[in-house]
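Participant: Protein chains in written order, with the numbering used here: chain X, 8 to 167; chain P, 53 to 239; chain C, 19 to 429.
If you're looking for bench data, these hints aren't it; they were derived computationally from the structure.
Some hints could be false.
As the list claims (entries may be wrong) - Pairs of lysine to aspartate or glutamate residues, derived as EDC-like cross-links and limited to a Cα-Cα distance of at most 16 Å, are as follows: (1) C:Lys20 with P:Asp218; (2) P:Lys142 with C:Asp31; (3) C:Lys20 with P:Asp172; (4) P:Lys173 with C:Asp49; (5) C:Lys35 with P:Glu156; (6) C:Lys20 with P:Asp180; (7) C:Lys35 with P:Asp178; (8) C:Lys35 with P:Glu183; (9) P:Lys142 with P:Asp168; (10) C:Lys395 with P:Asp88; (11) P:Lys202 with P:Asp88; (12) C:Lys214 with P:Asp131; (13) C:Lys48 with P:Glu171; (14) C:Lys20 with P:Glu155; (15) C:Lys48 with X:Glu109; (16) C:Lys48 with P:Asp172; (17) P:Lys212 with P:Asp131.
Quantities reported herein were computed from a predicted structural model and do not represent experimental measurements.
Here's the letter readout for the chains.
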Amino acid sequence: MAGQSSGGAVYFAILGVVTTAFGLADLLVTASGSEFAYGGILEMPGDIFRGGWGGIIVLFAGLFYLSGIRNFDDIHQFAKVVMGSILIWVVAGCDIFAMITESIPSWNEETGPWFNTLPDFIAAYAPPYAPAVLLLPFSLVVIYYVRKRASGEDGGGNSP
Amino acid sequence: MKILLMGHPNVGKSVFFNRLTGANVTESNYPGTTVDYTKGWMKIEGEDVEIVDVPGTFSLDPKDRAEEVAVSMLHESRDAKVIAVIDASKIERGLYLAMEIIEEGYPLVIALNMRDVAEDKNITIDADRLERILGIPVVSTVAIAGEGIKELVSRLKEAKPVNVDDIIANAANASDTESAADAGGAA
Amino acid sequence: MKLNTGERWDLIDRISKETVTFGAYQHTLKDAIGELTVKPMTGIPVAIAVMYGFWSVFGSFAGFFTDGFFVRLFDVYWLPWLQEVFPGQGDWLYAIMVDAGGFESGEFVLSSNCLESFGVLTSGLFVAIGVVLPAIIIFYLMLALLEDIGYMPRLAVLLDTVLHRVGLHGYAIVPTILSLGCNVPGVTATRILETKKQRFIMMTLLAIFIPCGAQIGIMQDVVPGLMGWILLYLIIGYFIFGYILNKIVPGKAPEFLIDVPPYRRPMLSNIGKKVWGRIAGFFKVAIPFVLLGCAIVGVLYQLGVIRFLGDALAPVFVGWFGVPKETAGPLIAAFLRKDLAVAQLSAITMTPYQMITAVVLVSIYFPCVATFAMMLKEGWKELLGALAVLTVVVFTYGGLIHLIGILLGVA
């Protein structure tokens with residue numbers, strides 16, 4: 008069990024570093040007033056709302072991960088890791104919700120169909136993605152640890 | 053007949069109210085959602101009963117407008133029965149208010165609500181024993197999930213005014229029998 | 019028989035000793051997360067994230083319905099159709115109900131969109147259904163979610179220190195947030211505050227500085243780029259004038275202990291019921307006022323009252339607030355319909371800073387008639403006091419914003 012937990016700590020340490028870097032990079036990109044894209048899958052938003060405000064939250068998420076990995080088994084430390092993931096879910100959830108709402112209407116002012124065409128609708132979900140969306144699948148790993156902990160508690164084995 | 057739902061803020065009075073009357077009073081997970089009283093009707097064994105969702109109050113000694121509403125509501129309804137809704141995880145504070153209402157001579161039923169939260173906190177309450185000491189019905193409930201509501205309604209008719217002296221005597225007796233039982237077990 | 023406080027606690031102590039067993043208390047993950055959300059070091063980042071989520075979803079949802087569908091429905095189909103079929107183009111009833119239009123080189127021309135036409139059936143309906151309704155639905159949905167999870171009291175604890183500076187306790191955040199939907203329930207919610215002083219300060223601040231859902235919706239629609247600045251000015255004003263009111267209003271602002279409930283999984287049925295109840299309430303209160311306000315503004319325009327007042331007061335607006343002369347009309351009409359006034363302002367050419375000033379002015383003007391009535395119910399003395407504060411605030415804060423603009427070199 009100790010081995011698995013330290014595995015978790017290492018995993019979230021790496022994720023924490025990456026998340027923090029993403030957050031900082033997003034803030035820098037926003038501050039410089041430009042946009043940044045990499046390899047067709049990553050695109051840092053450069054506007055003050057998603058890039059600035061959202062970037063700060065991604066940065067916070069990274070810091071939550073990093074501050075929670077020491078003593079990973081302790082419930083209060085583990086809660087910080089969970090909170091890091093929740094912050095990523097908030098930002099990524101908002102990004103995805105925005106994608107959905109933008110993909111459905113045609114945004115035609117005057118004429119033409121009301122709804123988007125199917126190819127355009129699908130194209131709206133193609134990469135590049137914002138940092139939080141890319142981090143989302145990796146942040147979901149925390150659910151595994153929450154479940155493991157819950158089953159551990161039922162068995163009576165709880166860390167002090 | 054008139055029934056007042058009373059208790060601390062955020063113990064679930066509005067949840068009871070909605071469950072009992074089928075009304076749509078706003079329920080939230082924060083204290084102070086109900087700042088004015090709401091009335092509704094339900095039928096118990098064929099009789100029309102008026103239910104009042106009273107704003108939360110910590111004691112009968114009001115500290116703000118919402119509490120004033122609560123206390124004057126109680127004093128205006130001399131012939132009412134009261135359901136005291138108590139947060140099972142903070143039972144002492146709830147009993148304090150319940151005791152004040154008992155002392156004023158109102159017939160009372162206690163709903164030990166949020167049993168699930170108490171269980172989370174590893175608090176167990178012996179409701180039967182509490183009932184014997186207080187001499188009034190005590191029902192464990194999880195109102196938000198609808199547990200215990202039926203029992204509460206069925207026992208409303210058992211509500212009666214009790215004398216505080218009896219409660220004091222019962223409490224003393226209870227601890228006597230307890231220690232006697234302990235002594236017996238040890239021997 | 020009655021006991022005194024000490025005897026009562028003694029008895030309860032004895033009873034609970036007999037009936038309650040406290041097991042070993044284990045911190046659950048829920049508790050630990052709960053603690054993280056109230057400690058400032060970790061709670062503030064969480065609050066920032068919650069607000070981001072709230073705002074982002076609000077913007078996406080409202081934009082989806084308003085810009086994605088309603089603007090087109092109303093501007094391309096509804097308005098031209100009504101302009102065509104409604105009889106008596108150019109006369110007063112047509113102007114009030116459908117389109118006041120405009121005069122270009124002496125000729126009557128029809129408006130091209132529903133924000134400029136100012137008819138009850140065009141602008142009024144568009145604002146009520148196309149703009150405000152989506153904003154209100156998503157606002158109350160998000161709010162219900164936060165309430166039922168149990169986040170609100172935690173936010174209150176977190177903000178307690180800050181709000182104490184303005185003579186309120188953390189719980190003031192509940193009426194404040196409720197007011198972002200509609201000021202009427204916000205005013206009702208001030209009843210949880212303990213003293214008259216606190217209630218007066220809270221009601222006044224709500225009425226002046228907290229824009230309601232209708233206003234936010236319309237601002238988001240017509241001046242999205244300036245929203246941040248406008249809200250910033252309103253929040254700063256909320257604290258400055260809260261601080262001043264706390265100093266000058268007599269009375270006490272006692273400490274208030276907040277019970278923080280456990281986090282709970284929200285129940286879908288409860289959220290649905292609550293959102294529906296609030297939207298229904300909003301419809302009953304707000305929609306008639308939007309339409310009626312629209313009609314009254316239309317009549318006043320037709321009678322030339324607003325033009326007259328606008329001309330008379332133009333020097334004040336230009337000299338003191340630094341906004342163009344043309345804004346005088348909308349700023350006067352704003353007393354009746356803030357949302358329409360914002361739309362009207364957006365059609366006037368001016369610098370972004372002038373626009374910010376004008377919209378902030380519209381926001382701090384007295385709230386809608388519904389809120390007015392609600393405050394009257396709470397006491398006419400309070401209402402008069404709030405009116406006096408309002409007048410002072412409009413002039414000092416409006417002037418201050420102008421001054422800041424001059425100092426920054428943007429006004």
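Participant: Now look at each hint and say whether the structure bears it out.
Facilitator: We went through each hint and held it up to the structure:
| no. | hint | verdict |
| --- | --- | --- |
| 1 | C:Lys20 with P:Asp218 | holds (13 Å) |
| 2 | P:Lys142 with C:Asp31 | holds (12 Å) |
| 3 | C:Lys20 with P:Asp172 | violated (35 Å) |
| 4 | P:Lys173 with C:Asp49 | holds (10 Å) |
| 5 | C:Lys35 with P:Glu156 | violated (24 Å) |
| 6 | C:Lys20 with P:Asp180 | violated (25 Å) |
| 7 | C:Lys35 with P:Asp178 | holds (10 Å) |
| 8 | C:Lys35 with P:Glu183 | holds (14 Å) |
| 9 | P:Lys142 with P:Asp168 | holds (12 Å) |
| 10 | C:Lys395 with P:Asp88 | holds (14 Å) |
| 11 | P:Lys202 with P:Asp88 | violated (26 Å) |
| 12 | C:Lys214 with P:Asp131 | violated (32 Å) |
| 13 | C:Lys48 with P:Glu171 | holds (14 Å) |
| 14 | C:Lys20 with P:Glu155 | holds (5 Å) |
| 15 | C:Lys48 with X:Glu109 | violated (35 Å) |
| 16 | C:Lys48 with P:Asp172 | holds (10 Å) |
| 17 | P:Lys212 with P:Asp131 | holds (11 Å) |
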